Amino acid sequence: MLGIESPSVWLAYVLSVAGAGLCVGYGIVNWKKGEEPLQKEDVEWAKEEKAEVEDAL
3 MLGIESPSVW LAYVLSVAGA GLCVGYGIVN WKKGEEPLQK EDVEWAKEEK AEVEDAL
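Reminder that position 48 of the sequence shown reads as 50 in the working numbering, one-by-one numbering, no gaps.
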């Protein structure tokens, strides 16, 4: 069929197209979700890291 005799080549093509379709679908679903809200721990970690960098300089 279409000059491709090996089933493993067909499988590779089918999985490639299916993977691309899943990626597009995931992108469409999550297009407008935005970012996760910052957690208190994240803000504290960023302040600690900034202080360490400033102390090192």
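Hints were generated in silico from the structure; no laboratory data involved. Keep in mind that this is a model prediction, so the values were computed, not measured. Incorrect hints may have been included.
Label-pair restraints from in silico Cβ distances [to be verified]:
| hint | residue 1 | residue 2 | range |
| --- | --- | --- | --- |
| 1 | 4 | 30 | 28 to 34 Å |
| 2 | 12 | 44 | 32 to 38 Å |
| 3 | 39 | 5 | 37 to 43 Å |
| 4 | 31 | 51 | 46 to 52 Å |
Here are the simulated lysine-lysine pairs, DSBU-like style, with alpha carbons at most 35 Å apart [what the hints assert, rightly or not]:
| hint | residue 1 | residue 2 |
| --- | --- | --- |
| 5 | 52 | 42 |
| 6 | 35 | 52 |
| 7 | 52 | 34 |
Beta carbons: idealized from backbone N, C-alpha and C, even for Gly.
These are the hints, each one checked on the structure:
1. 4 x 30: 28 to 34 Å: Distance hint for residue 4, residue 30 holds at roughly 29 Å.
2. 12 x 44: 32 to 38 Å: violated, 46 Å
3. 39 x 5: 37 to 43 Å: violated, 53 Å
4. 31 x 51: 46 to 52 Å: violated, 33 Å
5. 52 x 42: holds, 16 Å
6. 35 x 52: holds, 29 Å
7. 52 x 34: holds, 31 Å
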